[in-house]
Structures are given as structure tokens and as C-alpha cells.
Amino acid sequence: DTEVTQTPKHLVMGMTNKKSLKCEQHMGHRAMYWYKQKAKKPPELMFVYSYEKLSINESVPSRFSPECPNSSLLNLHLHALQPEDSALYLCASSHRGVGDEKLFFGSGTQLSVL
Amino acid sequence: AQKITQTQPGMFVQEKEAVTLDCTYDTSDQSYGLFWYKQPSSGEMIFLIYQGSYDEQNATEGRYSLNFQKARKSANLVISASQLGDSAMYFCAMRDDTGRRALTFGSGTRLQVQP
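These protein sequence lines are chains A and B, in that order.
The opening position of the first sequence corresponds to residue 1 in the working numbering, with each subsequent residue numbered one higher.
The opening position of the second sequence corresponds to residue 1001 in the working numbering, with each subsequent residue numbered one higher.
Pulled out of the complex, with its shape left as it was, chain A reads as follows:
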């Protein structure tokens, strides 16, 4: 099983809503990532978890709150988002987060903030 599964695939939310994005992998990977991708732009790193600990936060606004409950799961909690936060949110994982390891990506959650 070489899949990273993201749910939901599409999400529409208002600026006062609270929602969560979920990412799951069963490859035994110990590094997990959240990327944000605006239309026609490259993915931009948001957070990295290594061995279930937050190792990188790319100065992401606090309205985005990551959580790694265990080594297979990664959540992104959303609260009071702005319309400019509308984007494709990609989750990825890698074995240990080092050197030549490729990242396995999910298909993403397309988020629209109204």
C-alpha cells in the first residue's frame, strides 16, 4: 500500500466555520507534511512533523493548526479562515524525512472559503 489518503476531497466553508482536513498513510513513514498550493502555483510548505513532533512551521497563521495524533495520521484544523486561504491542501509523507527519500503525496483537499 503506497497511498496517502486525504479527506475530504472538496470542502467549502464560511469564514466563521471550524473544519478539519485529514491525512492518513500506512506505509510506516515517520515524516509527514502539509503543503498549500494556490492555482497555477507550486506547492508551498506549511508544516513538517517528524516522529510525531512538529519540526517545521513555516510561519503559518494560527488559524491553521496541525495535529499528528499518531504516526499514521495528520490533521489540519481550520478556524476563521479568509477567502485568500482557498487553495489545494496537499499532504505528503516520507520514510524518515531525510536525504534522498521521495515524498508520497495525497490527491489533496480543494478548499474554498466563502
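Treat each hint with caution, since some may be false.
Claimed, not checked - Simulated crosslink set (BS3-like; lysine-lysine; CA at most 30 Å straight-line):
| hint | chain 1 | residue 1 | chain 2 | residue 2 |
| --- | --- | --- | --- | --- |
| 1 | A | K53 | B | K1073 |
| 2 | B | K1003 | A | K38 |
| 3 | A | K38 | A | K19 |
| 4 | A | K9 | A | K102 |
| 5 | A | K40 | A | K102 |
| 6 | A | K102 | A | K38 |
| 7 | A | K102 | B | K1003 |
| 8 | A | K40 | B | K1070 |
| 9 | B | K1073 | A | K41 |
| 10 | A | K41 | B | K1016 |
| 11 | A | K53 | B | K1070 |
| 12 | B | K1073 | A | K38 |
| 13 | B | K1003 | A | K40 |
| 14 | B | K1003 | B | K1073 |
| 15 | B | K1016 | A | K9 |
| 16 | B | K1016 | A | K40 |
| 17 | A | K53 | A | K18 |
| 18 | A | K9 | A | K19 |
| 19 | A | K22 | A | K9 |
| 20 | A | K40 | A | K18 |
| 21 | B | K1073 | A | K40 |
| 22 | B | K1016 | A | K102 |
To be clear, the hints were calculated from the coordinates, so they are not data collected in a lab.
Following the hints, complete the assembly by docking chain B onto the known chain A.
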């Protein structure tokens, strides 16, 4: 700071022909990795090929090869015998092995394969 540059916003290629997608990079690190990913309209980022900074031979994966010229800091992707299913966005990415160890992506090249 690292920087990845892809100067071709869009490329066209005829089916069964080869195509080269350009990528240049800038880093002060001695140890780094270079990756190419494909992103079809479905959104998933698909790993294609990897080249380590100390690898002396160019990487190959099936129809994909990476033309690595370290002195020129370029890592071009060559796709041989293009297929219609190769139509997608292609991103070059770099990971530094000493600092953040997270991928930084170039702006991408949209490849369209014509029958």
C-alpha cells in the same frame, strides 16, 4: 537560501517525440537532492525521478532521465517517447540535506502532448 527556477511556463511536444524540461537551482549547500514531480489535473503529485548532489551518473527511471550538470547547477528532465498521458504540470524540486530537509518547488512547466 535555495532557489529553483523553471523558465518554461508551457511546452508542446508531439506524441512519441522526446522533450526536455529545464530546471536550474541555486544553493550554497554541498549536499542536496533534486526531484521531479508530475501533477496531472487530478491534483496528486507523482514522483518521477531523483538525483543526489554526489551522484556521478545521471538518474534514469524508465522513460525519464535527469540531465544533471552540477557546475551549471542544472537538472533538466528528459522524457523520451512522449505519450498523451504525459500531459501534466511538471515541478522540479530541491531538498537540502543539512537544514530544513523539506522540498522547495520551482514554478512548474505545463507540458501538453499532441497526437
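Now the hints, each set against the structure:
1. Using a Cα cut-off of 30 Å, the hinted pair A:K53 and B:K1073 is violated, with the two alpha carbons roughly 34 Å apart.
2. Distance hint between B:K1003 and A:K38 is fulfilled; the C-alpha atoms sit about 19 Å from each other, no more than 30 Å.
3. Annotation: proposed proximity of A:K38 to A:K19 holds, straight-line Cα distance about 19 Å (limit 30 Å).
4. Pair hint A:K9 plus A:K102 holds up; C-alpha atoms about 23 Å apart against a cutoff of 30 Å.
5. Restraint check: the Cα-Cα separation between A:K40 and A:K102 comes to about 23 Å, which is no more than 30 Å; the hinted pair holds.
6. With a CA separation close to 22 Å, the supplied pair A:K102 and A:K38 stays within the 30 Å bound.
7. A C-alpha spacing of about 19 Å is found between A:K102 and B:K1003, which places the hinted pair at or below 30 Å, so the restraint holds.
8. Distance restraint check for A:K40 and B:K1070: the Cα-Cα separation of roughly 29 Å lies within the 30 Å cut-off, and the hinted pair is therefore satisfied.
9. For the proposed pair B:K1073 and A:K41, the alpha carbon gap of about 23 Å is at most 30 Å, so the pair holds.
10. Proximity of A:K41 to B:K1016 is assessed by CA-CA distance (about 28 Å); at most 30 Å being required, the pair is judged to hold.
11. For the suggested pair A:K53 and B:K1070, the alpha carbons sit about 35 Å apart, so the restraint of at most 30 Å is broken.
12. In summary, the hint linking B:K1073 to A:K38 is supported, as the alpha carbons are separated by about 27 Å, within the 30 Å threshold.
13. Among the hinted pairs, B:K1003 with A:K40 is consistent with the structure: their alpha-carbon atoms are about 18 Å apart, no more than 30 Å.
14. With a C-alpha separation of about 11 Å, the suggested pairing of B:K1003 with B:K1073 holds against the 30 Å cut-off.
15. Among the hinted pairs, B:K1016 with A:K9 is inconsistent with the structure: their alpha-carbon atoms are about 34 Å apart, more than 30 Å.
16. Straight-line distance between C-alpha atoms of B:K1016 and A:K40 comes to about 27 Å, which keeps the hinted pair within the 30 Å bound.
17. A C-alpha spacing of about 23 Å is found between A:K53 and A:K18, which places the hinted pair at or below 30 Å, so the restraint holds.
18. Under the criterion of a C-alpha separation no larger than 30 Å, the hint pairing A:K9 with A:K19 is consistent with the structure, at around 13 Å.
19. At most 30 Å may separate the alpha-carbon atoms for a hinted pair to count; A:K22 and A:K9 meet this at roughly 10 Å.
20. Proximity of A:K40 to A:K18 is assessed by CA-CA distance (about 27 Å); at most 30 Å being required, the pair is judged to hold.
21. Distance hint between B:K1073 and A:K40 is fulfilled; the C-alpha atoms sit about 25 Å from each other, no more than 30 Å.
22. Taking the CA atoms of B:K1016 and A:K102, the gap is near 28 Å; set against the 30 Å cutoff, the hint holds.
Hints 1, 11 and 15 from the list above are not met by this structure, while the remaining hints are.
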